[in-house]
Amino acid sequence: MMRAWIDTLFAFSTTLRNVGRRRVTEPLPWKRLRAHPERYRAGFALTDDEHGEVACIACKACENVCPSGIIRVEGERRESPVTGKKRAYPVSFVLDMNACIFCELCVQVCPSDAIRMRTAWTIPGTSREDQVLTLERLRANAREGHLSWATPGRLRAMQDPERKNGEGGEP
Amino acid sequence: MSRVLDALRMIWEIGWLRGLVVGFVTLTVVMLIAAFTIWFERKWSGRMQNRPGPTERGYGGWLQIFADFFKLLQKENLTPTATDRRLFDFVPPIVVFVVLSSLAVVPYVPQGPAADASVGVLLALAISSLMVFPVWAAGWSSNNKWALLGAMRAVAQSISYEIPLVLSALVPVILAGSFRLTEIVGAQADWHWFAFWPPGPGLAAFVLFYLSSLAEANRIPFDIPEAESELVAGATTEYGGMKFGMFYLGEYVHTFVASSLAALLFFGGWEGPGPDGLHWMLAKALILTASVIHVRWTLVRYRSDQLLRLCWTYFVPAALVLVFAAGLWRILAGGLA
Amino acid sequence: MHDTWIAALVFFAVAALFAWGIMLAWALLRVRGRRADPARDATYECGEEPDGSAWIRFHPRYYVVALIFVLFDVETIFLLPWALNLDDFGLVALVEMCLFLGILLLGWLYALKKGALRWQ
Amino acid sequence: MVDAHPSHEPVAPALVEVSGLSLPAAITHLPRPDPYLNVEDYEPEADAMALNMGPQHPSTHGVLRLKLFLDGEICFKAVPYVGYLHRGVEKLLENRTAIQSVPYVDKNDYVSPLTGELALVMAYEALLDVEPPPRAQVLRTILMELQRIASHHLWLGTFCLDMGGALGGGSSVFLYNFRERELILDLLEALTGQRMHYNALMVGGNRHDVPPGWEEKVLATMDRVEDRLAEYEAMTVDNHIFRSRTVGVGVLDPLLALEAGAGGANLRASGVDHDLRRDAPYAAYGQVDVRIPVETAGDCYARFLVRIAEMREAIRIVRLLVSGIPEGPIGALKPPRHVNAVKLPPGEVYVGIESPRGELGTYLISDGSPIPVRVKIRPPSLHAVSLLPYLCVGATVSDIVVILGSLDPILGEVDR
Amino acid sequence: MPDDVLALFRTRLGLEEVPPEGPFVPPETLPDIVAALKEMGFLLFLYCAATHWPATENRPEAFTVAYGLRRPGPGSSTARLRVRIPADGSIPTLSGLFAGADWQEREQYDLVGIHFEGHPDLRRLMLPEDWEGHPLRKDYAIDTHHFPWR
Amino acid sequence: MAVDETSRTFVHPLYGWLEKIPGLSVGLTTADAVLSWGLEHSLWVFPMATSCCGIEFMATMTSRFDMDQFGTFTRPTPRQCDVMVVAGTITVKMAPRVKRLWDMMPEPRWCVAMGSCAISGDFYRNLYAVVPGVDTFIPVDVYVPGCPPAPDHVHAGMHVLMEKIRQVRKGTFRPNADPAAREGLLRPSIPRIGDPDRDPALSRAQAEAAFRMDPGCQVTPRSEDERDVP
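Protein chains in written order, with the working numbering: chain X, 10 to 180; chain D, 25 to 361; chain E, 17 to 136; chain F, 4 to 419; chain A, 174 to 323; chain R, 226 to 455.
Hints listed in this document are in silico derivations from the structure and should not be mistaken for laboratory results.
Just so you know, not all the hints are guaranteed correct.
[Claimed, not checked] List time: in silico DSS-like cross-link candidates among lysine-lysine, alpha-carbon distance up to 27 Å:
1. X:K69 / X:K94
2. A:K211 / F:K94
3. R:K389 / X:K69
4. F:K346 / A:K211
5. X:K69 / X:K40
6. F:K346 / X:K69
7. X:K69 / F:K220
8. R:K245 / R:K395
9. X:K40 / R:K245
10. F:K337 / X:K69
11. F:K70 / F:K346
[Unchecked claim] Derived DEER-like restraints, expressed as beta-carbon distance ranges:
12. R:L253 / D:G84: 40 to 46 Å
13. R:R423 / X:E85: 46 to 52 Å
14. D:A307 / E:L115: 40 to 46 Å
15. X:G29 / F:G216: 27 to 33 Å
16. A:D303 / X:G61: 45 to 51 Å
17. F:P348 / A:G262: 36 to 42 Å
From the three backbone atoms N, C-alpha and C, an ideal C-beta is built for every residue, glycine too.
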């Protein structure tokens, strides 16, 4: 009995030791954002191509693969004002973050390096309308930065079975 | 200046005025101390767990408890249909009333408490053990099964630990030869704190008193009546708003009262190095309260039957033995003197 | 002497004032929500509809504890005057009380051996 | 007071032979309570009380509902009700292609999503007869063990929370465990970009390769985790209160455990020396000598000891593997560029892996179209929950909370 | 599958070749064969998975129920077998042999609608008691509405 | 029956006749500010944790993301809580329970939908068993997207809620009514609360279903003729 009670007192060794430890708490998010790794997936952006046009070609690969079915793309073919070549453009690109699961499959399949995820988070709102990303908002997100490391090309290069060096993964 | 002192002396000598003034001052201070204890518990448990605890409202989060209070003041009144309405609504203020009342005989200054009763120890213990009735009534009147289980456990536990609590409080009484709390403290003058002198029964009685008062105040490892992980919120499951606030407040005041009693009975009350007085008493009571909190955030809890077995197989006989040891010491020391 | 008890009574009154004062403040300040609402006032049982009332005959295990408590409480009452007057009575009282409690403890031992506190 | 259970002493227990298995004699062939007991047939000493524990209850680990029939505080019949989280994952997987289905299984066992992914992905690989490259295999093994540590951290935290309350010592253990779990989540976050639902595997390999400097971080984290493990032990292993709550409580008959399909630590704490990582190696487990901790007492304390030992073993495996990850690609198939990128041949496979909770299996039927005909996930937690009617009888409400915690069920996996 | 199981299947069922995904067993001999497997050390109940095969032009509506058992311990192996039943058929329960079959069979009863003969407690497991239909059947629409919640 | 889910009250009956007393308005404004401040900064959470988000919600209370910093902690019973955090998928079987628990909470109360499943049903939203978002049966104040939202996102959600409480008390709260965004929203299978298409009969049926719940306690197997044989 005595032995058992003395053993119980060892519990205090842990709590007392921890009283002296440095605390591990992150700053509150409205004061300073936590440091995220570069692959962090928390939002979306539609990037521009090298000509400054939207890179999306409205191929609907992301719309088809999205398990959640939240992406709706409508496109049309027209002449590019920059290069003069005919290509497809998205007329509307709606991404309803209310049902997004951040699985990165849209990035995985994108053929034109257009859609990317962001490390900056989606801000909570008081209505569901706050969470709908339209084409304008997606492009504005891209200009704002905080893009995740994984582009469609980089992801696929990393997963390529032909890849020789095992290092991989560096940005 | 002397006029003020005269006025104070007059107040002190007239019974009802003394009760009134001391009552208001003591109760206000004790309520603030209870608020402070809640704040301290949240900060200290945070410290133990490498997190800051409340920080945002006021410096170090000290206003947090007031925000909670104002919030509770505005919550809707709920009385579930199935309850025994009258009892259900009547019980919560009783909790606070009972624990606050026990302070009438607990002295914090050498001049004595509001009512320096000749049976102070008994009265304090008796009133604070009344706590079991509102808790039981709350659990039963709720007509909720979790509350019923909580109330059943609370009653069984409180009445069981009543015995070692009273018996271990008898040890200082025997050593001092009086039930009056001021005289018990007086008997501990010159560093003859009963926790350390006579060596043995005093310290053991303190340990018993401390553990039993943990059980009386429903603190871990003896908090089975309101074990959140088992009984949702125990007897208070159906209580919301300020009705719950009363239980919440009562719990912390109870802890402080029990710590004050322990300080008076075993640690010489206001005796201490330098000038005696309120500061030593408060310091001792608060240190004991802090230790209760530290224990709470370190240990897990017993099962109710283990708890009762612990009481009846170890605590009660141990307390009896201690009473006899104290009696023997008293007689032998008296015979020697 | 009377003063002490008057002071105590006044103190109790102040305590009552504090307790019911807060309740009064709450009664004045609280939000009036929905009207009598059976959904709001249903009994909580983890989100389920309760199956039967909680006002039942409870298992007597707890009553055994109450019985033992009464036994020891009476004994404690006898101890109190004894403790106060120990100086006057001396060693004889100690031995006498020892005998009295010895008999009581026999009953306690019997209860323990009978498993009064063992639940399973 | 309960003193140390004899079978926790380091003495070899008596064994009994059952169908080629040697099981501890003291707990084999225990009398089994009748799970279908008619309540009217039972005559309690006072009024019986029917108490709903759950679906919202602080310690039912999600949305399990236990209907307890109590005689005083002692339960004489317990009926678990599940399905409050039935999300029809199997129905959905029968409408999704291989690429799309990985995020769904993430959410089954949400405490160890990677094992769920691996079970599904390995089923597809078995159907396609694809062997992931060695780098992917080793990486998968490391991920599985990291996930196992994180999962056991969460388990230990919530287990103590059940015993010590949200305001109490249990809460301290809980927060200490989560503190170290966050370190492991940070590793997985750096690798995959998410804290919980990683979507880290795909058919034929991994989706993510290690970022630079990851291996060193893993080793540093393992040191930290192992160091802190001793602290939790100081708060639990010899703690008298902890022992009196767990020793001799919820003793599980190994035969019942086997027949009910329980797995993982629940099985090994009852003396069954069985672990798929050693007995039917997958991924890179064949390359490491996995040591399986086995206890013979079968109670909550034994399950606790087994899980603690498993954490140490997982740390050892991670250390062993992470220093020698082979070079090469991480995928055997071309990275998918289309929703139907994986062509399924017709066939029928079953693949089982050792998740932190036991054997997590996937049974898959394909008729040659891109989407499978039937996907059945064999959840270890379902079988753990189905043990409750046997274990809860004769226990008090406090014990039931502990028993439930010690079985470590995840309701997302039970209900799917 | 290990050799002793293959031998058992060959002798009991009179099969030449046992497919790796398990042989088809007649429903009435299922308990005997499973009991024999249990004797051989296959003590761990793995799974019971029913599949609905809607009617096509070549075959009528049918169900298959697949069972898996495992022999625990070093060198662990599985034994798998299947049962094919017509749309209105039923299948003997295994819940007397394996406690784990109880809930798995209830689940299959709930989701696929297989009737297990002799099951002591055949109720819905996952869905509410008053649910209509069996969702894992191929003719059950994935987005069936349920007033008032969806 | 709590039919009207949209009614949110902050009526203090005392104010009505206190305002009539001259000279009290300043005191009243101060008192109101203090009371609002209390309401805003003491949010006790009722964790309606069902699945994955429940685990992340646990993480919000742990040392690394300490929720107690701004005075938020959990209480196990709805009677003592102010905010219901719905964390996880709500199924058809669970929905009446959630509704019942929500009805049990005392006013003033708020609801935070944490994670995609609670907001919209996530990728299960078209499935037979899953409710397409909790706002089809209880009013939601703050939406925290994510799958699951990281703990710091939940903290930000609580911050948004505090902001909303302040604005609602002041009467300055304006919800987002961006028509383009409204157009892009995925439509749940039944109308949400606040949607003009919503039929009051639906709310009544939901309240009724939550109040008169099937106790579901039959233990004996159902009789032979009740079974639906395939």
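Hints, one by one, checked against the model:
1. X:K69 / X:K94: holds, 21 Å
2. A:K211 / F:K94: Distance of about 31 Å is beyond 27 Å: violated.
3. R:K389 / X:K69: violated, 38 Å
4. F:K346 / A:K211: violated, 37 Å
5. X:K69 / X:K40: violated, 39 Å
6. F:K346 / X:K69: holds, 20 Å
7. X:K69 / F:K220: Violated: K69 of chain X and K220 of chain F sit about 39 Å apart, past 27 Å.
8. R:K245 / R:K395: holds, 20 Å
9. X:K40 / R:K245: Not OK: K40 of chain X and K245 of chain R at ~43 Å, beyond 27 Å, violated.
10. F:K337 / X:K69: holds, 20 Å
11. F:K70 / F:K346: Roughly 46 Å between the alpha carbons, so the hint for K70 of chain F and K346 of chain F is violated.
12. R:L253 / D:G84: 40 to 46 Å: Since L253 of chain R and G84 of chain D have Cβ atoms about 31 Å apart, the given range 40 to 46 Å is violated.
13. R:R423 / X:E85: 46 to 52 Å: violated, 36 Å
14. D:A307 / E:L115: 40 to 46 Å: Holds, at about 44 Å.
15. X:G29 / F:G216: 27 to 33 Å: Because 30 Å falls inside the window, the suggested range holds.
16. A:D303 / X:G61: 45 to 51 Å: violated, 60 Å
17. F:P348 / A:G262: 36 to 42 Å: Violated, at about 29 Å.
The structure shown violates the earlier hints numbered 2, 3, 4, 5, 7, 9, 11, 12, 13, 16, 17.
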